[in-house]
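Note that the protein sequences, when read in sequence, are chains A and B. Here the first sequence is numbered in full-length UniProt numbering, starting from 1 and rising by one per residue. Here the second sequence is numbered in full-length UniProt numbering, starting from 1 and rising by one per residue.
To be clear, the hints were calculated from the coordinates, so they are not data collected in a lab. Please note that a few of the clues may not be correct.
[As the list claims (entries may be wrong)] Pairwise CB distance ranges (calculated):
#1 B:48 - A:460: 44 to 50 Å
#2 A:344 - B:12: 37 to 43 Å
#3 B:55 - A:252: 38 to 44 Å
#4 B:48 - A:647: 54 to 60 Å
[Claimed, not checked] Computed far set for chain A versus chain B, every beta-carbon distance over 10 Å:
#5 6
#6 8
#7 13
#8 60
#9 211
#10 219
#11 363
#12 538
#13 676
#14 681
#15 704
[As the list claims (entries may be wrong)] Which chain B residues stay away from chain A? Per the calculated CB distances, all over 10 Å, these:
#16 5
#17 12
#18 56
#19 58
#20 65
All residues carry an ideal CB built from backbone N, CA and C; glycine is no exception.
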Amino acid sequence: MFVSNGPVERIRVEVEGIVQGVGFRPFIYRLAARYGISGWVRNTPAGVLLEGEGERSHLSAFLRDISAQAPPLAAISSVHSETISVTGEGGFSILPSSGGENSAQISPDCDVCEDCLRELFDPRDRRYLYPFINCTNCGPRYSIITAIPYDRRFTTMERFAMCADCRAEYEDPANRRFHAQPNACPVCGPRIALLDSSGREVMQGGGGRGHDVLLAAVNLLQRGGVLAVKGIGGYHLAVDACNEEAVANLRRRKQRDEKPFAIMAPDLARIDSFARCSETEQRLLGGPERPIVLLPKREATPIASLVAPDNGYFGVMLPSTPLHHLLLRNNFIALVMTSGNQSDEPIAYRDSEAREQLAGIADLFLAHDREIHVRSDDSIIRVFHGSPLFLRRSRGYVPRGIRLPAEQPSVLAVGGELKATVCLTRNDRAFLSQHIGDLKNSATLRSLEECVAHLEKILEIRPALVAHDLHPDYLSTAYAVDLPDLPRVAVQHHHAHMASCMAENSLEGEAIGVIFDGTGYGLDGTVWGGEFLVGGYREFRRQGHMRLVALPGGDAAVREPYRMALSYLFDAGERDFAALQLSCLGDVSAQERHLLQRMLERGINAPLTSSCGRLFDAVSALLDVRSRITYEGQAAIELEALAESAVTDREYPFSVEEFAGRLILDMRPALVELLKDLALGVPRAIMARCFHNSMAAATAGMCERIRCRNGLNRVVLSGGVFQNKLLVEGTLNRLAELDFQVFTHRLVPPGDGGLALGQAVIAGCMRREAERSTELEMLR
Amino acid sequence: MCLAIPMRVLSIDGDTIVAEIDGVKREASLMIIGEEIGVGDYVVVHAGFVISRMDEKEALITLELMKEMKPESATASA
Ligand SMILES: [Zn+2]
Ligand SMILES: [Zn+2]
Ligand SMILES: [Zn+2]
Numbered sequence: 001m002f003v004s005n006g007p008v009e010r011i012r013v014e015v016e017g018i019v020q021g022v023g024f025r026p027f028i029y030r031l032a033a034r035y036g037i038s039g040w041v042r043n044t045p046a047g048v049l050l051e052g053e054g055e056r057s058h059l060s061a062f063l064r065d066i067s068a069q070a071p072p073l074a075a076i077s078s079v080h081s082e083t084i085s086v087t088g089e090g091g092f093s094i095l096p097s098s099g100g101e102n103s104a105q106i107s108p109d110c111d112v113c114e115d116c117l118r119e120l121f122d123p124r125d126r127r128y129l130y131p132f133i134n135c136t137n138c139g140p141r142y143s144i145i146t147a148i149p150y151d152r153r154f155t156t157m158e159r160f161a162m163c164a165d166c167r168a169e170y171e172d173p174a175n176r177r178f179h180a181q182p183n184a185c186p187v188c189g190p191r192i193a194l195l196d197s198s199g200r201e202v203m204q205g206g207g208g209r210g211h212d213v214l215l216a217a218v219n220l221l222q223r224g225g226v227l228a229v230k231g232i233g234g235y236h237l238a239v240d241a242c243n244e245e246a247v248a249n250l251r252r253r254k255q256r257d258e259k260p261f262a263i264m265a266p267d268l269a270r271i272d273s274f275a276r277c278s279e280t281e282q283r284l285l286g287g288p289e290r291p292i293v294l295l296p297k298r299e300a301t302p303i304a305s306l307v308a309p310d311n312g313y314f315g316v317m318l319p320s321t322p323l324h325h326l327l328l329r330n331n332f333i334a335l336v337m338t339s340g341n342q343s344d345e346p347i348a349y350r351d352s353e354a355r356e357q358l359a360g361i362a363d364l365f366l367a368h369d370r371e372i373h374v375r376s377d378d379s380i381i382r383v384f385h386g387s388p389l390f391l392r393r394s395r396g397y398v399p400r401g402i403r404l405p406a407e408q409p410s411v412l413a414v415g416g417e418l419k420a421t422v423c424l425t426r427n428d429r430a431f432l433s434q435h436i437g438d439l440k441n442s443a444t445l446r447s448l449e450e451c452v453a454h455l456e457k458i459l460e461i462r463p464a465l466v467a468h469d470l471h472p473d474y475l476s477t478a479y480a481v482d483l484p485d486l487p488r489v490a491v492q493h494h495h496a497h498m499a500s501c502m503a504e505n506s507l508e509g510e511a512i513g514v515i516f517d518g519t520g521y522g523l524d525g526t527v528w529g530g531e532f533l534v535g536g537y538r539e540f541r542r543q544g545h546m547r548l549v550a551l552p553g554g555d556a557a558v559r560e561p562y563r564m565a566l567s568y569l570f571d572a573g574e575r576d577f578a579a580l581q582l583s584c585l586g587d588v589s590a591q592e593r594h595l596l597q598r599m600l601e602r603g604i605n606a607p608l609t610s611s612c613g614r615l616f617d618a619v620s621a622l623l624d625v626r627s628r629i630t631y632e633g634q635a636a637i638e639l640e641a642l643a644e645s646a647v648t649d650r651e652y653p654f655s656v657e658e659f660a661g662r663l664i665l666d667m668r669p670a671l672v673e674l675l676k677d678l679a680l681g682v683p684r685a686i687m688a689r690c691f692h693n694s695m696a697a698a699t700a701g702m703c704e705r706i707r708c709r710n711g712l713n714r715v716v717l718s719g720g721v722f723q724n725k726l727l728v729e730g731t732l733n734r735l736a737e738l739d740f741q742v743f744t745h746r747l748v749p750p751g752d753g754g755l756a757l758g759q760a761v762i763a764g765c766m767r768r769e770a771e772r773s774t775e776l777e778m779l780r
Numbered sequence: 001m002c003l004a005i006p007m008r009v010l011s012i013d014g015d016t017i018v019a020e021i022d023g024v025k026r027e028a029s030l031m032i033i034g035e036e037i038g039v040g041d042y043v044v045v046h047a048g049f050v051i052s053r054m055d056e057k058e059a060l061i062t063l064e065l066m067k068e069m070k071p072e073s074a075t076a077s078a
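Taking the hints into account, I'd like the entire structure generated from these sequences.
This is the structure we're talking about:
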């Protein structure tokens, strides 16, 4: 026992952040016991509140350890303490939660912790091989919560009554499973089963652990079968990643020709056999969020070539549930684990719906009876310059908050169209939703509605206004317009990209925004996408952009990059398409060439665009990398892969003109040079690299000119094209040489997945300004 | 436990077998069973999958029992 002989004091401490459902109260309890401190701790709407009484030096050590030794899943955002009067209370107790408005953050879903993993493979443990093992430090959270407060009765674990053993753990403050809401064991918890698409059980999990079921599932995969596996946020489709025939079969059934499949390996050692992995990448892979990380392929790998054709990277993840650990360990080098959906549909997460959607694709379903309440896809990350860049921010990160530069009114932002996410704000926090998908049909729109409703409920946010894209035809815009009684703010697409990058970097004031993107609705009705903006959250000016070219056939030009190649050639003075000798035009008929030529000559069905993404498409086609695409961004992704295989400092030329007060970046000189190289037979990889170099140089040149005009020294890089690692690195280096301060994305994707954050901040800022000006008016 | 009928393997083609019971033939998949199966073996088929192998003696006893319990099940139509 602790003997205290110094003066006794009492403190009241408020802790905010992700501190509920992460074992925080038992942690405080044990910490108090260690320092001989009496008092109590309880969950409150804002986080955790506690009072501690003890000797001053012990209290300060106690306070220090609250931050320093917090449980692994906790993310403390603030600790506020004050001295209050001593009460002489003895012992330390954990008090029931207090009610009221809830602003505590719900923890994201998390992989199995080390302690649970050890138990999972310990034959003496009562949870040996039990696929639903978890504790306060790990397990599902966001995906099983149906309401707040975070309590078993408001999770999908509600239907499982705890056995005496589990109940005892749950009620013992000293236990790792104290108040672990999803606590379960083979006696009382969920079970796995192997089902066919009609829901018939092919095999039942005898004895709770379901080991026979697991072995049967492993066998199916080892024989080349397709297995649908229920994960934390939805179903995956799995096949043995080393079995070429099985992967081909999955591609056929899923009707997915070329888009890379993600793979899951049992451990880092296995990953090392097929991909290179830096320390940062290892940390990301092994973190509790378990994202997919893009890793450079090794030369010779056991992985089937059809997993990621024409791509220098594998999307790799480690197991994210105990069931995955059981499936993979000692059985596979890697499994393909691709989202369980038909193309364009959201990931399936309800059992009957999954079986219906995936009936023609999966041979069998490895399912279980713990419901997924909220679907969320896997997150995808790429590391560059030693830090993570989100390509998709979803499971494992949602609903973690992002701190905003200033407090603002609550806003709902509904994002764009592709890779949709929504964002809700409260005070100085933004909560970006999981990945919803491409908003092109009623199923994804429904998914967006569900997501908004759920986030509003668990975060207890009632938005005061709604922000949406300027594009009138986006389904998200239509959704925002239909919301009754909510004032709306329409935000220009690239302004939102810029603001999202500024917000996550806590920038205030003005900056230069370089937004390289595919497509966005411009203020003048044209299609923007290669923009040099200047401004802040409140407003922006379009200081420059890439030279306008035609999009022959509109959306068809996005699907068929050779059309963009022709459009650029036309713009550079080429007038005879019939005579063109280019390999990308090999299968374009004379009739079609004629039609495209007429389209361009007369400007019919050929809207103008400044898109940077389309320029990458054009170059990709000219170099015969990709003349038709089967998934978004494919041409640029494969062009980058090609460029990475060569090294050269050479740059193609570019020019900048001034027109109507704006700087126009003209890349025609680069294309002319590239065509010369093409005629000379220069290796394609060298040309691809030169083009990347020239884009970086042109960007830096434009920024320099803009700085001369307005003195701004800060540059933010955003937009989908900046997922390109080679481009970002080249641009960063050149801007750094010119002493610019450059900011990139770290917390949200540079593509449209991060758009909602920017919309929310812009709308919040406009609202604040409006309130301020009405206040001023009232004073007058 | 679900009802599963022992059947005798007539032929094997890759991962698909044809098995027979009382003159009724069925196709079934070997995809989820770990052990090797040969022609003439008795196997337990459920929902289109071979879920285990059965010792011949045991299989015959099971079939006898099933005949006694439910005469109609032995002449199952499909
Ligand atoms: Zn655990
Ligand atoms: Zn139990
Ligand atoms: Zn965009």
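These are the hints, each one checked on the structure:
Residue 48 of chain B and residue 460 of chain A have their C-beta atoms about 49 Å apart, which keeps the hinted 44 to 50 Å range intact. For residue 344 of chain A and residue 12 of chain B, the hinted distance range of 37 to 43 Å is satisfied, since their beta carbons lie about 40 Å from each other. One distance hint, 38 to 44 Å for the beta-carbon pair residue 55 of chain B and residue 252 of chain A, holds here, with the actual separation near 39 Å. For residue 48 of chain B paired with residue 647 of chain A, a C-beta distance near 55 Å keeps the hint of 54 to 60 Å intact.
For residue 6 of chain A, the non-interface assignment is confirmed: its Cβ lies about 67 Å from the closest Cβ of chain B, beyond the 10 Å cut-off. The beta carbon of residue 8 of chain A sits about 65 Å from the closest Cβ of chain B, which is more than 10 Å, so the claim that it is off the interface holds. Its beta-carbon lying about 55 Å from the closest one in chain B, residue 13 of chain A satisfies the requirement of being farther than 10 Å from that chain. Listed as a non-interface residue, residue 60 of chain A keeps its Cβ farther than 10 Å from every Cβ of chain B; the least gap is roughly 60 Å.
Non-interface call for residue 211 of chain A relative to chain B: holds, since the shortest CB-CB distance, roughly 12 Å, exceeds 10 Å. With a least beta-carbon separation of about 5 Å from chain B, residue 219 of chain A fails to lie farther than 10 Å from that chain, contradicting its non-interface assignment. With 10 Å as the threshold on Cβ separation, the claim that residue 363 of chain A sits away from chain B is violated: the shortest Cβ distance comes to roughly 6 Å. With a cut of 10 Å on Cβ distances, residue 538 of chain A stays outside the contact zone with chain B, its closest approach being about 61 Å.
No Cβ of chain B approaches the Cβ of residue 676 of chain A within 10 Å, the least distance being about 55 Å, so the stated non-interface status holds. Distance check on residue 681 of chain A: its Cβ is at least 48 Å (rounded) from any Cβ of chain B, clearing the 10 Å threshold; non-interface status holds. At roughly 63 Å from the closest C-beta of chain B, the C-beta of residue 704 of chain A stays outside 10 Å, upholding its exclusion from the interface. With a cut of 10 Å on Cβ distances, residue 5 of chain B stays outside the contact zone with chain A, its closest approach being about 14 Å.
Against chain A, the non-interface label of residue 12 of chain B holds: every CB pair exceeds 10 Å, the least being about 13 Å. With 10 Å as the threshold on Cβ separation, the claim that residue 56 of chain B sits away from chain A holds: the shortest Cβ distance comes to roughly 22 Å. For residue 58 of chain B, the condition that its CB be more than 10 Å from all CB atoms of chain A holds, with the nearest at approximately 18 Å. With a cut of 10 Å on Cβ distances, residue 65 of chain B stays outside the contact zone with chain A, its closest approach being about 21 Å.
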